Amino acid sequence: MIRFENVRKTYYIGGEEVKALDGIDLFIGQGEFVAIIGPSGSGKSTLMNIMGCLDTADSGIYELDGQRIEQYSENELARIRNRKIGFIFQNFNLLSKMTAEENVELPLIYQGLSASVRRQRVAEAMALVELTGRGKHKPTELSGGQQQRVAIARALATRPSLLLADEPTGNLDSRTGVEIMALFHRLHQEGNTLVLITHDQKVADQAVRRIKISDGKVEEVT
Amino acid sequence: MVWQCVKMAFKAIVANRMRAFLTMLGIIVGVIALVVLVSLVTSAGDAVTEQVEGLGTDLIRVTITDDGGRPLQLEEVANFTLHEDIGAAAPVNQVAATARFGSERGRATVTGTTPSYAEISGVTMVAGRFLRTTDVDNNTHVAVIAERAAEALFGTTEVIGAPLSLNGRPFTVVGVVEDQESLTNLLMPGHTIYIPYTTAVRMADHLSSAVTTMIVSAADGDMNAAEAAMDEMLLERFRRNPDAFGMFNQALMAEAMDEITNMLTYLLGGVAAISLLVGGIGIMNIMLVSVTERTKEIGVRKAIGAGRWSIMFQFLIEALVICMIGCAIGVALSWGILEVASFLVGDVMDFRISLDVVGVAVAFSLFIGLVFGLYPANKAASKRPIEALRYAG
Ligand SMILES: Nc1ncnc2c1ncn2[C@@H]1O[C@H](COP(=O)(O)OP(=O)(O)OP(=O)(O)O)[C@@H](O)[C@H]1O
Ligand SMILES: [Mg+2]
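Sequence lines, in order, name chains U and X. Position one of the first sequence corresponds to residue 1 (the working numbering), numbered consecutively onward. Position one of the second sequence corresponds to residue 1 (the working numbering), numbered consecutively onward.
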């Protein structure tokens, strides 16, 4: 499903170059549950942004479902992000002026679904993250963990085939963290592809496959 | 999708009520300026045109300004009527006089003329008779007075045969006519009294027997033909000196009025349009600020699948909605202002909102929303998702 070949991404800050990704080769198949683990600043978020079609690599090949990403137009990429990918951001990225429900509904609006279908999907997703009844709250009226779960509900609402989560348990207490992980396991068992980013070894251990990233290079952990 | 964008735009506007209102203010003021000014001018213009057109019989007023040493004689006036396009012609002169009956006195404008005057200017007799040719030939001291004058001086309109003194000269009233709402009458102060042309000439030192003003009617309502005929005959009479005389008729006046109102409409409309334009620039400013402020939001929307067009559309619709709401408020306020203005001026004039200009205002507001919304919307739509997401605002 995902294939990286010698992917590089270099940032230049004040004349100094930072090799965020330094020749990544990676294959993730359909239905896999992968944890990417690495210390802060190792390039995890950069990798995930490229995987999620939010950013593009400087060089190398990224194939999603057998097609190279650079062959898509800007609008096609938006469509892919909308339908194929569920993105859970490290910092949630919820829209603060909208209620939890409206946040979850947003990607469905861009899919052009009818209001009744949207309402049903939103209710399902909210139930999945156990936030039924909190739909009318604004993100600022929710705890960090609840916001995290709204972000997850938003990613799940579109029923994406690839779920990308950047530190989904980073802001949660251990009990909620365990619940979220249980939810991921269930999604995995239902056949979804999951890529999880974490710097927490205990969380990583729960994934089926672990990939370690450091200084922009990946290695398989067995 | 379109409907969703409209809804989102409304939400964004409601979320920033105060700012949206301040943005609208420019459009509101612009629309009010446009609608009120143009409506005022067109209403006033219509009223004046209506009045000019309602002045009754159409006639040509000829003024001799430079006779070149060959003054037009009273006997010559009849010659003009020989032309097939001319109906009748009557010389006119005027004397300001004090009219007196017993102890009752009042200011009057005395018009000296000939019998044709009645036909040309459409005088309606109430009692008695109008001036006769013999009155003019013998410069008799007879007077035809208007109804209002009769009532003011005599307290009744049954005044045939009554004695009347004008500037101390004794006259006998021979006829009473209806007051005319004609332009010339409106401009004349005091009571309206008609006496024979020749008699009037003897009443005032400044009047000579030379005819300087006459009124002419067309043979069968064809004013243009009559005017052309008069022009040709007068040119002939005054050695082809086009500056010797001037002609004037009510159709011409109505036309001139129309032209003035049109000019005023365009002028004021143009000024108001500029203020609308300024309002549009205000919208662009606020939209640009809004786009920067909402960079993160744009990033999130793009990250979860909003395409370029969706974002563009959202911001464009927002600008359009602000413009249209502003326009609606402006039109409503304009209507109110015009109602109040109509109420204040009373019966004199009825200021009605001009639907044409409302249409223009709506179209112009839409246009402005589109033009000034396009740039900020495009700016929003072109943001790269990853950079927009990183924006710390
Ligand atoms: N937009 C950017 N401009 C410049 N440098 C960047 C940018 N984004 C990331 N970097 C650099 O690239 C490297 C990798 O960053 P990245 O965000 O991928 O780390 P990370 O593994 O996600 O860290 P964390 O666990 O703290 O989230 C870092 O050294 C960072 O400074
Ligand atoms: Mg990160």
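These aren't lab readings, by the way, just hints derived from the structure by calculation. None of these values were measured; they are calculated from a predicted model. Don't take every hint at face value.
As the list claims (entries may be wrong) - Derived Cβ-Cβ restraints for the label pairs, each shown as a range: (1) X/Lys11 with U/Ser214: 20 to 28 Å; (2) U/Glu124 with X/Val340: 29 to 37 Å; (3) U/Gln71 with X/Lys7: 29 to 37 Å.
Unchecked claim - No more than 25 Å apart at the CA atoms, straight line, and that leaves these computed lysine to aspartate or glutamate pairs for DMTMM-like: (4) U/Lys217 with U/Glu70; (5) X/Lys296 with U/Glu179; (6) U/Lys84 with X/Glu387; (7) U/Lys97 with X/Glu293; (8) U/Lys217 with U/Glu179; (9) U/Lys138 with U/Glu179; (10) U/Lys217 with U/Glu76; (11) X/Lys11 with U/Glu102; (12) X/Lys11 with U/Asp58.
Glycine residues also receive a C-beta, built at the ideal position from the N, C-alpha and C atoms.
Tested hints:
At about 44 Å, the beta-carbon gap between X/Lys11 and U/Ser214 misses the expected band of 20 to 28 Å. The hinted window of 29 to 37 Å between U/Glu124 and X/Val340 is violated, with their beta carbons roughly 57 Å apart. A beta carbon spacing of about 34 Å between U/Gln71 and X/Lys7 agrees with the range 29 to 37 Å that was offered as a hint. Restraint check for U/Lys217 and U/Glu70: the C-alpha separation of about 22 Å stays at or below 25 Å, so the hint holds.
Restraint check for X/Lys296 and U/Glu179: the C-alpha separation of about 29 Å exceeds 25 Å, so the hint is violated. A threshold of 25 Å between alpha carbons decides the hint, and for U/Lys84 with X/Glu387 the separation of about 21 Å falls inside it, so the pair holds. For the hint linking U/Lys97 to X/Glu293, the alpha-carbon distance of about 13 Å falls within 25 Å, and the restraint holds. Restraint check: the Cα-Cα separation between U/Lys217 and U/Glu179 comes to about 31 Å, which exceeds 25 Å; the hinted pair is violated.
With a C-alpha separation of about 23 Å, the suggested pairing of U/Lys138 with U/Glu179 holds against the 25 Å cut-off. Of the supplied pair hints, the one linking U/Lys217 and U/Glu76 is violated, its CA atoms being roughly 29 Å apart against a limit of 25 Å. The suggested pairing of X/Lys11 with U/Glu102 holds, with an alpha-carbon distance near 12 Å, which does not exceed 25 Å. Between X/Lys11 and U/Asp58, the direct Cα distance comes to roughly 39 Å. Violation of the 25 Å bound is thereby established for this hinted pair.
This entry does not satisfy hints 1, 2, 5, 8, 10, 12, going by the numbered hints stated previously.
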